[in-house]
Amino acid sequence: MTPDQRDELASALLDGVLPADQADAARRDAAVVARLAELEAARELLRSVPPPEPTARVRALAAAKAAFDEDGGAAIAAAPGVVRDVRDALLPGRPPAPVADVTHHRRARRSGTRWLGAAAAAILVLVGVVSLAVVGGGGSHEDEAATTAAPNDVAESADDSAGTEAEASEQGGAAPGAGDRSLGAPGAPVDMGDLGTFSSAAALVARVEAVRDREAASRTADAPASSPEPSDGAASEGADDSGSQTTIAELSALSLCPASGWPPALRDAAAIRLHGRATVDGTEVDVWVVEPVRDDGDGRDRVVALDETCAAVVDQPVP
Amino acid sequence: LWRLCRRVVGNDADAQDALQEALIAIARGIRRYDGRAAFTTWSYRVATNACLDELRKRRRRPLPDPIGSGPAFAAGEPGHSAGADLLDRAGVRSSAGHAGHDPGVEAVADRVDVDAALAQLPHDFRLAVVLRDLCDLDYAEIGRVLDIPPGTVRSRIARARAHLADLLGNPTPSPDRPTASP
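Just so you know, the protein sequences line up as chains A and B, in that order. Per our numbering, the very first residue in the first sequence carries number 3; after that it's consecutive. Per our numbering, the very first residue in the second sequence carries number 52; after that it's consecutive.
Please keep in mind that the hints were generated in silico from the structure rather than gathered at the bench. It cannot be assumed that every hint is accurate.
What follows is a list of derived Cβ distance ranges for each label pair [stated by the list, open to error]:
id, chain 1, residue 1, chain 2, residue 2, range
1, A, D283, B, D187, 47 to 55 Å
2, A, A68, B, L103, 19 to 27 Å
3, A, D309, B, P173, 51 to 59 Å
4, A, E72, B, L103, 20 to 28 Å
These stretches of chain B come out as covered by chain A in the derived footprint (C-beta under 8 Å, 3 or more residues) [stated by the list, open to error]:
id, region
5, 60-71
6, 183-190
Positions of the beta carbon are idealized from the N, C-alpha and C atoms, including for glycine.
In isolation and in its complexed conformation, chain B is listed as follows (with noise of 0.2 Å):
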């Protein structure tokens, strides 16, 4: 539940108050439980609740500059990324190469790289990425925490995969900036 909600809502502060939420509603609710679904569909369901009720707690305040979320990120322009920016904020990363190459710092650049990736998908296909390649959920299950068919489940995932991969991927790769694509 965790993971779901850390990935939907983007940050750590947000997603404590998400997940929190969702394991009281979980802890109310079970009553209602009628084990129709998995017991971990239904649980996701409701923290994926939670999570849009904290997604649309957080549009009705102000927020703070994220890292990175820069205008040239924020318009999606290939080969720069929040987590680039970061580096090149840092210092680590210099424009000749490899100096000051950093695996710890790369993964927080990693880190702010997917959270901003995630933040430029609709909710829905968020949620539909996540479920699947986070919480394992097939089709089926993932159409049940949604209330949409397996079909459309499957394009948004898709549709979700592919928007990630062009921003992760890093079209043009600098030297010092290894995509982590075999």
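Chain A extracted, bound-state conformation (with noise of 0.2 Å):
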């Protein structure tokens, strides 16, 4: 064996490539195995290399981030896989979530740290109620509130993305505290998933139609085997005292079009039953399938698609 043949088979085994009766070979012989230890002794002494100095490694993230932020972000936004094959190549094991695009992927993320918000400004409630009551029970009115518009601000400082949304549905003409409102079904409304591509908006309104009437079927047939559900108008109403209501600030964060830019139909619904996506003659729609309220048309469902720029595609009853 020559110095070179020799050197390749420890290298082979020092990386585990050799096959099994090739490996107890190369291990018998003992000049392989001392110049294997010779290898492995090279390869630590390589792998030993110093850390990067912290404000090199921090300049040349600033670097990046600031490339990105030119030329990457709006890449990615036009290429929205990418992000996915990133994120599943860099998380390993993670089930792919299902993300539409950046924008909505952003969206969902504003709404989990929106919780934190909230329950922040609610532990914050509930400091300032205890200490009123210590200090002695009363307190002018502009000292309550103070203490109540408190959790507020710190609400809106710990999320600037959830302040916005909340100022812009106020902005937008909704009744005061409407983000806040929850509506009728308990949970977030059922998801339709993506409902496909449409050439017309009357053939989505009848792929909703289909997926309605499906959903109300599967709903029947269900009810018996979980907990007995009153009728829908009873439900929307009952509902309201579950705790697990859906609001309109939630849905908000799962839509293309912000709260503050629905329509009526969509904004005072009685309950959101479904919502999902669609592309309506190359434009992608949020497509939500609302309860009006009672004493609105002929009470049926409506189904209203909303562009990003909030435009109704779709805004019409349920056939």
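Grab the two chains, each in its own frame, and use the hints to assemble them into the complex.
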């Protein structure tokens, strides 16, 4: 065996790429084993790399971020699949999330952080109430106003995006506190997923009708096996006390169009039953199926489809 | 990526430049990542190109005299290394034995040794062994990064390792400078 052959064998042994029989034979050769030890030692020395200077690391990351903001951010927004691929590569083992696009992903993230803000606000309210009680159970109206206003400030500073959405909601003309108004159905509306691509609004409405009917049939079939549910109207009213309602602000986070831009049929709906995404005539839209307010029209569900500019591509009763 | 850059270009300052260029290139080029290779493999390929660019730039500018790049080591003389030279210059090691032995200084000496040993390898060999032993890529991934067949990767790694072992292993170790071999 020449020295080169011995080195190749020892290197392959080090990498664990030899078949079992060849590896066993190599381990019986003292010269190969000795060379293997030397290669291992050299590898250990090679691996001991001093860490980068913190300032250099920060500078490099800042430069990359600036480059990303200049070029990459727009590029990624145009190619959302890249986000999923990179995330999967960096976080192997994570189940793929149903991310439709970056905008949606970011809004979903905002939704998560908004809960933190809300939790912080709730804690501050609690602390404020206890403090007032300890101080003497009294105080002027101004004091109370200051105490209750503080958590809102904290919540807004804790999450700019949540604050922005709340402000936008109010600027959009919704009733005061509309962002916190609970909708009838407990939990989030049923997710219809991606409904597909349609050449016209009528085709979308037909598809939504089919999905809604199937969903209603499914609910009816499931009803006896799960907790008994009252009729639709009673469910809407009773769910307000369940503590698991979905607020407009939460639904806004799901939507391409924030709640401030919602038309009255959606904003003032008694309940939002279904939500999905679709593409109509080349425009991506959010599709909502809502239960209208009691005294509005004929009581039939409405389908409302909004694009990202909040233009209503569809707003009509479901046949 | 830092470890890759540091080992390929051989010093902190150039490695910092290469790393920054690599990160910028990744940020700008991420749209071109098509998912066919693992993201890490793609990143290493980008970083490898940044390192090679850095080495090309360095070739065009004068280099300061690196510590220990004396003629003996440059010639690959067995039993003497840049690190040993550093210890000699620092007066840490006496010719008589272990006097003054300091693990911190030894570590620095080892680092200098590795840099100097790697500097003697052709770039292609250096990259192959660094991608394998530092980045833990397999032969096929290294082949994709360097655009060479896996068989070539395997032989380059073997030859690079052998060269490094000869240079770093101190075939004729002095009693006060133990080798890293078990």
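**Report entry** Structure versus earlier hints, numbers of those that do not hold, lowest first
**Finding:** none
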